[in-house]
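Fit chain B to the given chain A structure using the hints.
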Amino acid sequence: MNETLITVNDLTKVYRVPVRSEGLGASINSLFHPAFSEVEAVRQVSFEIKAGEMVGLIGPNGAGKTTTLKMLSGLLHPSSGEVSVTGFIPWQRKPEYLRSISMVMGNKSQMLWDIPPLDSFKVLGEIYNVPKDEFKRNLDELVDLLDIKEVLVKPVRNLSLGERMKCELTASLLHRPRVLFLDEPTLGMDVSMQLRLRRFLADYNRASGATVILTSHYMADVMALCPRVILIHHGRLLHDGALGVLANGMAPFKMMRITLGRESVLKEELPPLPEGTELISLEGNTVSLRVPRDRAASTTAFLLKEMNVVDLAVEDPAIESVIDQVYSGGAA
Amino acid sequence: MKRGGWALIRSTWLSWMQYRSFFFILAFGWMIPPLIYLFVWSAAAGEGSIGGMTRGGFVAYYLVLILVNQITYAQTNWTVGDLIRTGQINKLLLRPISPIYDALASEVAGKVVYLVFIVPILIGLSFLLKPEMELTVANVLAFLPALLLAWALRFFWGYWLALLAFWTARADALLILQDSLVFLLAGQVAPVALLPGFLKTLAVILPFRYMVGFPVEVLGGGLSQADLITGFAFQIGWTALAVVVYRFMWRRGLVRYAAVGG
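Protein sequences appear in the order of chains A and B. So the mapping is simple: my numbering equals the position in the first sequence, first residue as 1, plus 20. So the mapping is simple: my numbering equals the position in the second sequence, first residue as 1, plus 645.
Chain B extracted, bound-state conformation:
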């Protein structure tokens, strides 16, 4: 199992490096919206502060958000639906290894390709834009599990949505809806702390903040201990639920696929 998994990652990565310019363009596209909001908010803050955040604070927040967004963006979810609809998933089903390893391999391989592109840009931007952030060891140590969970949540959440392709040809519409909700509620348009009351409550309860915004907030150190604990509790809860739903959808979907045929 494990041997096959690593081999898949290696080969996917090799095959993606053939197209690095395409993936660079994708990564560039994903970077643009947060970059726009970085400029909007840092201009709005000017010399003062908004909701306790200064210009340098916004810059730091959005630069970290660009990184987190790249690392957690689950692009394989878009291809899983296609595999199911076109019947290409057959070749994966004939192998003695679960098809989710294929998606995981693409994830890991993809991250490496994106980071090769995005990290130098972020370093360049931080020299230009002068972010202000106090990094403490405690915050970094809390950030790493938050980031890993954010990736897992976004991956499994998107994966179960993609598995709807077993039942309907239009599952992609729900993925687009999810991307919009991430944009609105995950801290991209504005840090969750700055959202108006009703939206803020929604953001804290729904899973989307925990896919992107939460790790950024953790690293920034702006959360109280109580907020941190609640945040992790929500993040772990949503991730566990996403895994359970994925397993359920996979089993049911496969039965249906085997009944209807690909």
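Just chain A, with the same shape it has in the complex:
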């Protein structure tokens, strides 16, 4: 159906981190005799993204997400491998390429601090060469969608974090980029602001057909927005597909919580548990168990038969805990 917009092939980035001691003498010396140590940030990552897709790039801190995003946006040269985005090689930083993308970094602002957002927007319109009538149309639409009419004329420094992020998004979308890179867009937002931004991003993606690649540490962002996730860990691609598939693959078990018909229960009073089933906690009359996915049914039957169960709940483990297990290196 849709054309392939982003192709990444064997992408590798080895940082040469400068090593030097303090002092002016040492830094002048390092101009002529630089010393480096090598860090592999991204190793042989390959994937393709089609026009209009919304993809979540997830992984723990230092996994290589931002490095990958920086290579895709042209801020970094890879050490080896190939990248093509909207038909361009990003790090050549051709003006036509830069006009076709946008990058929003949750911790960096592209607006001037002391003047109202509207003035910054106008400057960006000029820099990106957006025709006047198109600029007005885009701006009106974004102001409407993000509900920022009142903040347009306040100096940026007087805006709240949420208002500022809405303005950042507006600033980055004024030139209608075909590809939008979002690095931690909901960083520091409260829950309702996160929800509104998510809704906006989903709507925008649907309406404009822009391709969106997003990194986030909030699993809720990724779950709500991205049908597809790419998991990077230690610089390697570990998973590329639906988040649910990732969770099932990584966590082949279910959580079972049962409440017994008595005041409290001691560990010794429990019947011997079926093979593979683990006792997670025991509080008063509530027992939590971890059961292999394929034995969930038989274990349920066993428990109902052996014990006086008044309530029983079977749940998938929280995505956060599955991801935590992946991030901290243990297979679940």
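Rather than coming from a laboratory, the hints here were simulated on the basis of the structure. Source: prediction; values computed, not measured. Treat the hints loosely; a few may be bogus.
Said to hold, decoys possible - With a straight-line cut-off of 27 Å between C-alpha atoms, the simulated BS3-like cross-links for lysine-lysine are:
id, chain 1, residue 1, chain 2, residue 2
1, A, Lys128, B, Lys775
2, A, Lys169, A, Lys114
3, A, Lys325, A, Lys274
4, A, Lys156, A, Lys169
5, B, Lys756, A, Lys156
6, B, Lys775, A, Lys142
7, B, Lys775, B, Lys756
8, A, Lys169, B, Lys736
9, A, Lys114, B, Lys736
10, B, Lys736, A, Lys142
11, A, Lys169, A, Lys142
12, A, Lys70, B, Lys775
13, A, Lys174, B, Lys736
14, A, Lys152, B, Lys736
15, A, Lys174, A, Lys156
For chain B alone, kept in the frame of chain A given last:
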């Protein structure tokens, strides 16, 4: 390109007007050293003259120097290094316009803010201190390109020094060194003509005189035709070299930045 450039200047200026008192204080600080030397030299000259310059001549020289120093002072050089070190330059690199436009915008915007402050002061001072200077059309016509070149030289020279931030965290030290050399050799401590032999030769050869002192000398009309031609030749040569070095450093720096990451 051009559209974006003007828009940047306008917005930078708007944002700086929010802080005009801060910039007035900066401008005031830059004015003080030449003002001190104005009083020192005009007192030393008394009723006579030193090296052919009278009291009124020194006053005129330093008042023009204060103006030229304000117009040519390249303050963005201090911020470019910070942009590189903190990675803030990323947002400029993502735009389809070269980051040097951002620095140029700050330059132009800044000059307007400073001049709003400095020109009334200079007018006031000239009523008080009675400068003596014969302005001729020829001198003014020569002064304008000399001033423009002085600004360009000081800007690009400082800019390439600032780009050292791509390689080292301590590039600011070299900017401080440059400011000291400007102070010593650009006609601030004394007009270049009054420097002792060895320093005078250095001042004529090195780029610093052409950043501040040379336009002042041109306007004063004290230079012989030969000195004028040599002066312009040095000024143009140094400016061209500064632009070439800037372009080279920018390209190399960017490759390195993209390799090391910001």
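So, going through the hints one by one against the coordinates:
Pair hint A:Lys128 plus B:Lys775 does not hold up; C-alpha atoms about 52 Å apart against a cutoff of 27 Å. With a C-alpha separation of about 34 Å, the suggested pairing of A:Lys169 with A:Lys114 is violated against the 27 Å cut-off. A threshold of 27 Å between alpha carbons decides the hint, and for A:Lys325 with A:Lys274 the separation of about 20 Å falls inside it, so the pair holds. With a C-alpha separation of about 14 Å, the suggested pairing of A:Lys156 with A:Lys169 holds against the 27 Å cut-off.
For the hint pairing B:Lys756 with A:Lys156, the CA-to-CA distance comes to about 32 Å; that exceeds 27 Å, so the pair is violated. Proposed proximity of B:Lys775 and A:Lys142 is contradicted: the alpha carbons are some 47 Å apart, above 27 Å. Between B:Lys775 and B:Lys756 the alpha-carbon distance is near 26 Å, which keeps this suggested pair within the 27 Å criterion. Simply put, A:Lys169 and B:Lys736 have alpha-carbon atoms about 25 Å apart, close enough for the 27 Å limit, and the pair holds.
Restraint check: the Cα-Cα separation between A:Lys114 and B:Lys736 comes to about 15 Å, which is no more than 27 Å; the hinted pair holds. The straight-line distance between the Cα atoms of B:Lys736 and A:Lys142 is roughly 16 Å, inside the 27 Å bound, and the hint therefore holds. About 15 Å separates the Cα atoms of A:Lys169 and A:Lys142, which keeps this hinted pair within 27 Å; it holds. With a C-alpha separation of about 75 Å, the suggested pairing of A:Lys70 with B:Lys775 is violated against the 27 Å cut-off.
Between A:Lys174 and B:Lys736, the direct Cα distance comes to roughly 22 Å. Compliance with the 27 Å bound is thereby established for this hinted pair. For the hint pairing A:Lys152 with B:Lys736, the CA-to-CA distance comes to about 23 Å; that is within 27 Å, so the pair holds. Between A:Lys174 and A:Lys156 the CA atoms are separated by roughly 19 Å; this keeps the pair inside 27 Å, and the hint holds.
Checked against the numbered hints given earlier, this structure breaks hints 1, 2, 5, 6 and 12; the rest are met.
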